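Enquirer: All chains should be built: construct the whole structure from the sequences, respecting the hints.
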Amino acid sequence: MQVREGMSAGGLGNLLIVDDNEGVRHLVTRWLERAGFRVTQAKDGAEAMEMIRREPPDVVLADIRMPRINGLELARMIKRDFPSVKVVLMTAYSSPQTIAQAKREGVDDYLEKPFTQDQVEKTARAVLQS
Amino acid sequence: MEKLEETEEERLERKRRFWDVFTVSGVAVSALLLAGMVFFSSLSGDAARFVILGAFGLLVLSISLFLLLESKRYREQNRELIEEVTDLNLRFGILADAVSAVSSTLDLQEMAQSILGVMLSLTGSNIGAVLLPDEEGRFFRVVAQQGFREMAVASLQIPVDRGNIGKVYSSGQTMIRKDLPTDPRAAETYRDGRSPSTQIIMALRAKGETVGVAVTATVHPHEYTEDELNLLSNLCHELAVAIINVDLYRQSQKTLQWLADTREYTEHFIQELISGVIMVDEEGRVMYFNREASRITGIEPQEVIGGDFRDFEKRPELRPLQPFRSVLEQCLQDERVFRRNELVASNREGRRVITSFNAFPLHRAQGESMGAAVVFMDITAVKEMEARLRQQDHLSILGQMAAKIAHEVKNPLFAVLGLAEELKVGEDDPERLHLIGMIEREVTLCNQWISGMLSFSKAPLTEEGRELHSLSLPEELHRLLGDFVRVNGRENLRVVEDYQEGLPPVKMSQDQLRHIFTNLFENAFHAMPQGGVLTVRARRTDDGNVEVRVEDTGTGIRPEVLPNIFAPFYTTKDDGTGLGLAIVQKIILDLGGSIDVRSQVGVGTTFVLKLLVN
Chain F
53 MQVREGMSAG GLGNLLIVDD NEGVRHLVTR WLERAGFRVT QAKDGAEAME MIRREPPDVV
113 LADIRMPRIN GLELARMIKR DFPSVKVVLM TAYSSPQTIA QAKREGVDDY LEKPFTQDQV
173 EKTARAVLQS
Chain X
238 MEKLEETEEE RLERKRRFWD VFTVSGVAVS ALLLAGMVFF SSLSGDAARF VILGAFGLLV
298 LSISLFLLLE SKRYREQNRE LIEEVTDLNL RFGILADAVS AVSSTLDLQE MAQSILGVML
358 SLTGSNIGAV LLPDEEGRFF RVVAQQGFRE MAVASLQIPV DRGNIGKVYS SGQTMIRKDL
418 PTDPRAAETY RDGRSPSTQI IMALRAKGET VGVAVTATVH PHEYTEDELN LLSNLCHELA
478 VAIINVDLYR QSQKTLQWLA DTREYTEHFI QELISGVIMV DEEGRVMYFN REASRITGIE
538 PQEVIGGDFR DFEKRPELRP LQPFRSVLEQ CLQDERVFRR NELVASNREG RRVITSFNAF
598 PLHRAQGESM GAAVVFMDIT AVKEMEARLR QQDHLSILGQ MAAKIAHEVK NPLFAVLGLA
658 EELKVGEDDP ERLHLIGMIE REVTLCNQWI SGMLSFSKAP LTEEGRELHS LSLPEELHRL
718 LGDFVRVNGR ENLRVVEDYQ EGLPPVKMSQ DQLRHIFTNL FENAFHAMPQ GGVLTVRARR
778 TDDGNVEVRV EDTGTGIRPE VLPNIFAPFY TTKDDGTGLG LAIVQKIILD LGGSIDVRSQ
838 VGVGTTFVLK LLVN
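In order, the protein sequences belong to chains F and X. Take any residue in the first sequence, count from 1 to its spot, add 52: that is its number in our numbering. Take any residue in the second sequence, count from 1 to its spot, add 237: that is its number in our numbering.
It is worth saying that the hints were derived from the structure and are not from the lab. Model, not experiment: these values are computed from the prediction. Careful: at least some of the hints might be erroneous.
When the alpha-carbon atoms are kept at most 20 Å apart in a straight line, the in silico SDA-like pairs for lysine to any residue are as follows [as the list claims (entries may be wrong)]:
no. : chain 1 : residue 1 : chain 2 : residue 2
1   : X       : 641       : F       : 150
2   : F       : 95        : F       : 75
3   : X       : 661       : F       : 168
4   : X       : 641       : F       : 181
Expert: This is the structure in structure tokens:
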């Protein structure tokens, strides 16, 4: 199944923020909406997959450490079913092994918390253009 | 063919006495006859008859005297011969006792040949052989011979259970064969080419056992006298005794050799064992102190062997052996057995040596005590490795925990920090802005502390796949120390560097090296508030790796604190995280090295690092 939709009219692109921490979701959403992106939120991997199946975004920004389906598993599922969807993983801490694995899963970029509004915005733009 | 019963000693003796009486009586009768004749002749006056009878009487007398003398001479000779044989036997006995290099086979052959020679010369024979069954007991082998051609002897195959020789061997009875037919192969069999006409076959018997056969033969017909038979029988007996002795000698030699081999083997085995062995006899004298024992304790075997183990305590140079003293004592006195016990000793250089040992009393086969033994292994390295693994395990679990905690805290802190910043957007109230700023600062502090903890768990300096370089320690340390002193140097602090020439490079990354040593230098300077000397030394170890010592002349670490200094989150500094040395240790352990500390309050502290070359 491969779905590719164009960017939403008027926006820079559709982003999906996946994080189990509500504060983080809220903050990142605020930053990216302010930058002009259309942003939706999911609280975990399972919810994210449902939303992606309904309407695939351009970029998924997901935390690595999440209950049930973690960021890496989510990335693998997205890359398997929706190869055109870009994936950026966010983490407060991760080992080099995790990062290496993320690269193997085809993750497009990586953000270490705490990051700034500027950093996340640039990353989103860069990934969209690649 | 004529068969004779084996002559018994008493019968021979009786016959000998009979012949003695007979010859003596002969002499007496002849003398009487002569005297009678002289008397009658003088009465009759017949001079011619007197002369004839007198001459006849003299003849009889002289014959009788000759017989008497001859018989005596014969017996004398017999005795001499027997003495000679006995002497041979005696000599052989002495030989047998001595551990001689000469093969006993040669001795047996020599002796058999000698006895055979006597037999032949006694009976006027020129052909004879001594035959013994071979090892399988199937054929006879010729151990001595005379008069045969070598070739004939070599091709001889006489079964032990057939033929005349076999018969004598199995029955033990002497066989005399007379008027033998001419041997058609005499020319190739006998040295002088002549076929024997009389042959005597005698069993070699002693101690009720037949050990072989002796054969003598004469070319001319020969009547064996009782004396000759008696003598031959004696010689055969002597030869049999000698053969049995040789056999016993050989067996004893074999046993001796076996014992010697076993002893040698045991000694070699003990010597080569990779366990230390100390063995004492029932008196407590040290019998064995093998190479490994010497290696572990640093004491040379010659210092202890032969000495009493109870003196271990009295001699200060034998201090490393003191812990073994009570163990041996208990084995020896209370018959106590130790299995897989552990004992902490120190070697001559004062290094702590942990040994695993077995100790037990030793007993002879009969059960009597013959001493005690301790067999021990140096398990220091194993123990250290265990401790290191335990520590690493500890660190690893702790690291995982720290990572989880850090993540769980850091994630919301990120949100708090970000959201606080969001609050500032469009905020004009200075009071509110000040409060938001306080939130930000507190959260930032929190983040910093967590980063410190993460640096331990994440161990950014021990990551897998980090590129390790071969670093030249003197160069790197000198540079690092220079940088460090430029920033932290004080007037009252002096730095000494002492690096051995030609040190091999060590494998680690630049930042690992920097992290380790900056930490140690910081600690050293911190420990010397009144000033002092920081000495950094590097030298090659015996195993080819590199040892670095960081020594200070500071306040020292209290003994109760010392065991904890590498424990994560343990600190004696007010502003310390307790992670400095824990991380240093983790990096070094991850690299396969080790770090140790020695400290004395008021004197100073020395960190000893072992870094792997490869």
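Enquirer: Now tell me, hint by hint, if it's right for this structure.
Expert: Hints, one by one, checked against the model:
| no. | hint | in the structure |
| --- | --- | --- |
| 1 | 641(X) <-> 150(F) | holds, 14 Å |
| 2 | 95(F) <-> 75(F) | holds, 11 Å |
| 3 | 661(X) <-> 168(F) | holds, 15 Å |
| 4 | 641(X) <-> 181(F) | violated, 34 Å |
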